[in-house]
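Just so you know, the protein sequences line up as chains A and B, in that order. Read in order, the letters of the first sequence correspond to residues 0 to 244 in numbering that gives the first Met the number 0. Read in order, the letters of the second sequence correspond to residues 0 to 308 in numbering that gives the first Met the number 0.
In short, the hints are calculated from the structure, not lab data. Just so you know, not all the hints are guaranteed correct.
Unchecked claim - Derived lysine to aspartate or glutamate pairs resembling DMTMM-like cross-links, with alpha carbons at most 20 Å apart: (1) A:LYS218 with A:GLU21; (2) B:LYS214 with A:GLU75; (3) A:LYS147 with A:GLU123; (4) A:LYS73 with B:GLU211.
Computed from a predicted model, the values in this text were never measured in an experiment.
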Amino acid sequence: MLKKGTLKQILLITDGCSNQGEDPVAMAALAREQGITVNVIGVLDRFDSEDGRGLKEIESIAASGGGISRIVEKKELAQTVQMVTKQAMTQTIQGVVNRELREILGDTETVEDLSPEKRGQVMEVMDELGETMDLDVCILVDTSASMKMKLPTVREALIDLSMSLAARMGSNRFCLYLFPGKRRIIQRVVAWTPHLENIEQVFTKISSRGITPTGPAIKEATKSFDRLSRRKTRLRDEAYDEEQG
Amino acid sequence: MKSRDDLLFPPGTQLLGKWHGRRYRIIRRLGSGSQGTVYLAREGGRKVAVKMAKDRASLTSEINVLKNLDQLLGEPLGPSLFDSDDWAAGGRTISFCAMEYLNGESLAAAMRRKAFDWTAVYMLQLLKDLDRLHRAGYIFGDLKPENIILLFPGHTIRCLDFGGATRIGRSVREYTAFYDRGYWGLGTRKAEPGYDLFACGMMMIYAALGREFEKSDDGRRQLFQLIQAQSRLAPYRLVLARAISGEYVSADQMRRELLRCIMDKKTEPAMSGRYQSKAKKETGQWVRAWFAASLIMTAYILFVYVYMM
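One chain only, chain A, in its complex shape:
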């Protein structure tokens, strides 16, 4: 029913509102157009004091990026990061399954409209897919001044995420961007890699600035997937390309 492809996700971890560059909601829509889901996790703090603008932005980014958003306290971060990533995978798979169902059964049928018995059977298939499909996650971490104290927790959460996903049967790839970066407004600190393990140093040399260029960061992350597929076609042999086509 479903081709064993690769699920693509952007995971944005932030604690406030963007204030520089393109509109992040539009950039998330752009990512979605290219088959990338955008999930957003807001680490509670600045949201309390603000007028709800940051909160709204987070929900809007996830909505236009076809992903999930959560606002959490620092101590819930690790659990949330892996839960959001997995739920978004299920959601994407369910979206594909729904499209297939509509094609077979007509306009109105989705997984939700099936009887509990049939839904159970479809669920088994979707579980299997979630477990075996390959996953690419580009992680964007907001490093503006107010995030500084939270970065050790973010680091732990990302290592935890890598461990959680490593238990799957499918393969995983991660890359990590910080914004604002040291010299550029967005900086790639970890290139595509199967495990996020040695990221201790990455978070130590960070210059905190007042800007939060969320939009440009999402755009850059979207481009990183292009780089990945270019690299893939360059590196892999022809047999792989045939399998893809």
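Given chain A, put chain B in place with the hints provided.
Coordinates of chain B only, in the frame set by chain A:
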């Protein structure tokens, strides 16, 4: 995150199943978790537990597991599943399932109320059930005292919340940090029997301390130091160390070693001296009887040997 009281309905609320047409009347709320809310309800003449889900996917997979477990022979491992359906409640559809209502208290409450010695007994029971679950191809996943019920009457325990149950070989569905070996840096989140056995070890530590605690820099060392330092855990040190470092390949293996620990456990010095001396005297008698038996055996073997020559 959506508000937690998403699925709150007052007693008396009527549920009508969209697919199977059964009616349920809510009696009272039994509990709420991250994944949904459970109500005590009446259907026809019987009382049932109705579980409503926030996340449909999670409920659907729990139902799949319960269906598979229902087919197993012998003592039930979890609550029996009666019905699964959807309920159209004021413009939205809520998925729910109706299960056997198990009357009792959570193991968490029982651990607080009862002496620590009981914990080891509960663990023996739990390990027996886990062994059967593992043989059926699943691990429980989110194993913690809150997900286990101590049935009234009697002292039988039963697993309650199968939302985290995962087919062996896959990645664990749901877990709680304190009982998760991944969190402590002591293993992967791959579903294998050792994952549940680690959680069993943590439950004993939790019961001995009476509280959960956070991980320091080196989780492994922290846990091992704790096992050494806690006097209540002294009789079980070996089993705990092995469970936590993932040395057991089956629940049955851990159960046998735990049972041996309990049987070998010396009577505590806090008990009166009379009991202690009696125990000592008894062991003395045993040793003498043993010695006599082996003497007779040796003589017999020698006799046979000589006779054959």
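How the hints compare with the structure:
no. : hint                   : in the structure
1   : A:LYS218 with A:GLU21  : holds (9 Å)
2   : B:LYS214 with A:GLU75  : holds (14 Å)
3   : A:LYS147 with A:GLU123 : violated (42 Å)
4   : A:LYS73 with B:GLU211  : holds (18 Å)
Violated hints amount to a single one, hint 3; each of the other numbered hints is respected by the structure.
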